[in-house]
Amino acid sequence: MAHSGPMTDWRKARLPVIAFLAPATIIYTLFMIYPLVDSIRLSFYATPSGGEAAFVGLDNYRTVLADPDWAATFWNSFWNNMKFFAVHMLIQNPIGIALAGILSLPRLRFRNSYRTMMIMPTMLSVVIVGFIWQLILSPVWGVGADLLDIIGLKSLFGPWLGKEGSALITLSFISVWQWVGIPLMLIYAALLAIPDDLVDAAVVDGATHFEVFWHIKLPLVFPTVAMVSILTFVGNFNAFDLIYAVKGALAGPNFATDIMGTLFYRTFFGYQLQLGNPHLGATVASLMFLIILAGVLFYLFAVQRRLSRYQL
Amino acid sequence: MSFKNIRREDASRAVIVHGILLTYTLVALYPIFLVVINAFKTRKAIFRDPMGFPNAETFSLEGFTKVLAKSNFEVFFYNSFTVTVITIAIVLLLAAMAAWALSEYKFPGNTVLALYLAIGIMVPIRLGSVSILNLIVDLGLINTLTALVLVYVAQGLPLAIFILTEFMHQIPKDLKEAARCDGVGEFKIFFAVILPLIRPAVATVAVFTMIPIWNDLWFPLILAPGDGKQTITLGVQQFIGQYVTDWNAVLASLSLAIIPILILYLIFSRQLIRGLTSGAVK
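Taken in sequence, the protein lines are chains A and B. Be aware that the first sequence starts at 1, since it is given in full-length UniProt numbering, and climbs by one per residue. Be aware that the second sequence starts at 1, since it is given in full-length UniProt numbering, and climbs by one per residue.
Simulated from the structure, these hints should not be mistaken for laboratory data. Since this is a predicted model, take the numbers as computed values, not measurements. Fair warning: there could be bad hints in the mix.
Below 25 Å or equal to it, Euclidean Cα-Cα: the simulated DMTMM-like pairs (lysine to aspartate or glutamate) are [as the list claims (entries may be wrong)]:
1. A:Lys12 with B:Asp10
2. A:Lys12 with B:Glu177
3. A:Lys217 with B:Asp49
4. B:Lys188 with B:Glu177
5. B:Lys173 with A:Asp9
6. A:Lys83 with A:Glu52
7. A:Lys12 with B:Asp174
8. B:Lys44 with A:Asp149
9. B:Lys188 with A:Asp196
10. A:Lys83 with A:Glu164
11. A:Lys163 with A:Asp149
12. A:Lys217 with A:Asp205
13. A:Lys163 with B:Asp246
14. B:Lys44 with B:Asp246
15. B:Lys44 with A:Asp146
16. A:Lys154 with B:Asp174
17. A:Lys217 with A:Asp200
18. A:Lys12 with B:Glu166
19. B:Lys70 with B:Asp182
20. A:Lys217 with B:Glu9
21. B:Lys106 with A:Glu52
22. B:Lys176 with A:Asp9
A few chain A positions that, by computed beta-carbon distances, are all more than 12 Å from chain B [what the hints assert, rightly or not]:
23. Arg62
24. Asn76
25. Val87
26. Lys154
27. Ser155
28. Ser166
29. Asp197
30. Asp241
31. Asn254
32. Tyr299
We put the beta carbon where it would ideally sit given N, CA and C, even for glycine.
Input sequences plus hints: build the corresponding full structure.
Written as structure tokens, this is what we have:
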């Protein structure tokens with residue numbers, strides 16, 4: 001949007017400007033920026049038993065990334081997290097885009113009611129969503145099998161959340177079910193903002209709604225699709241609540257559902273017999289930070305820059 | 001093509017479109033619905049007929065009585081409510097002040113400060129948890145709701161400032177200039193002229209600030225897990241961990257967590273969507 005920058009010279013109002021900016025900047029710096037920077041600092045230190053914290057350079061990183069025990073756990077959680085992200089990109093975002101496209105069809109009745117209801121799961125706590133699905137998929141209750149029976153697929157039902165091979169995919173689908181509302185809302189809003197005259201010409205030429213959506217509207221909302229993708233990436237590599245609620249900090253069975261967030265929690269606070277270690281925890285957090293930073297920079301420099309060239 | 005054909009085509013297309021939308025709506029709502037109806041049934045009925053409505057024979061509130069007797073649900077609600085409301089109030093005020101200064105005054109470093117304050121939109125505050133815990137311990141605030149409020153204010157500010165800055169650019173210049181010509185001070189312009197004007201954006205910011213806070217598990221787990229300080233999300237998580245085999249109690253506790261959010265959502269959904277579609281968020 002083209003708006004003029006700030007207009008009033010602050011020299012006429014130094015005190016008010018400082019007073020307006022100071023509280024937000026101070027709280028934000030103290031409780032957000034300082035902890036992020038300090039966590040990175042802590043990742044270069046270690047506390048030998050009974051001693052003072054000492055600078056150890058990259059030792060913690062060497063431990064997490066190269067020590068046989070640690071590296072296996074770390075890369076397992078990293079690749080699990082990549083799979084978790086891939087399911088969101090391949091299932092959640094296309095469904096969200098398709099539903100937003102359908103909802104933005106001209107002269108659609110009950111548009112608002114559909115939208116309100118479809119976004120509802122997104123408003124619930126991840127913990128609550130995890131428990132809801134844990135109950136529904138529980139072989140003890142059997143309601144999941146009953147539901148599959150309605151569409152004739154009862155034979156497919158199994159204890160998906162309990163099996164090593166299917167637990168992570170099942171949890172990814174649960175998360176997709178909850179978060180479809182985000183691409184749905186954001187892309188729907190972007191579709192509504194497309195000026196009518198851009199679409200009218202094509203309609204007059206006899207293009208179908210699908211052609212108009214695919215060839216005209218979708219390319220126009222591509223910046224929003226890219227933004228949704230980076231939000232998905234950041235959200236997925238920061239996820240924790242769902243796995244913790246359904247599978248606990250050990251992310252079972254046999255770490256099959258372990259992602260970066262649960263690994264961070266276990267490293268920081270410990271579990272069972274292993275003691276928590278703040279320095280190694282800070283190391284895992286810093287690695288998560290690097291991964292997220294890489295994603296955000298990729299978005300800013302590669303995607304965003306290329307997009308802005310084509311923007312209207 | 002005759003008109004009749006067009007109409008028939010329209011009708012069949014409408015069936016497909018509404019078929020898809022209804023199917024997805026069912027997928028989105030049925031799991032929630034299933035949990036809520038079963039919370040009102042006897043244990044036997046939960047297993048014998050999970051998909052049936054509670055009726056005179058199967059209706060039971062035993063789950064709810066158990067939850068209310070065995071846990072401090074009122075306290076969890078009170079904690080979540082206090083933390084959320086205080087955080088929203090602080091975020092709105094501080095973010096509006098900062099957004100106003102950024103959008104109105106020309107000063108050195110304006111753009112840099114705006115970018116600095118925007119970092120938090122993309123970088124999750126959780127990654128700083130190790131230091132946040134140290135900081136909260138040093139401040140003597142461990143196991144207090146104040147700790148949660150401070151962290152959530154820091155978490156909520158970046159997006160709130162961003163949305164409100166965009167919004168304040170749209171305030172007509174004449175309004176401010178008129179006030180300035182009358183010799184009104186800068187503080188008064190903000191509190192008497194600008195603050196009332198941003199009301200439409202306030203609902204959007206409030207919802208975006210509220211949902212992640214109300215639903216958060218991470219910080220309550222780390223900073224305030226102690227008895228009497230749990231938020232609703234943590235409280236439910238701990239309660240279900242304890243009573244995992246008591247289906248009535250589990251279903252009832254989930255329903256108690258779901259229902260208030262659903263009611264709030266139905267009240268505010270219109271404003272949320274309006275805020276989104278009016279371009280408050282891009």
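Checking against the hints above, which ones are violated? 1, 3, 6, 9, 16, 19, 21, 30 and 32
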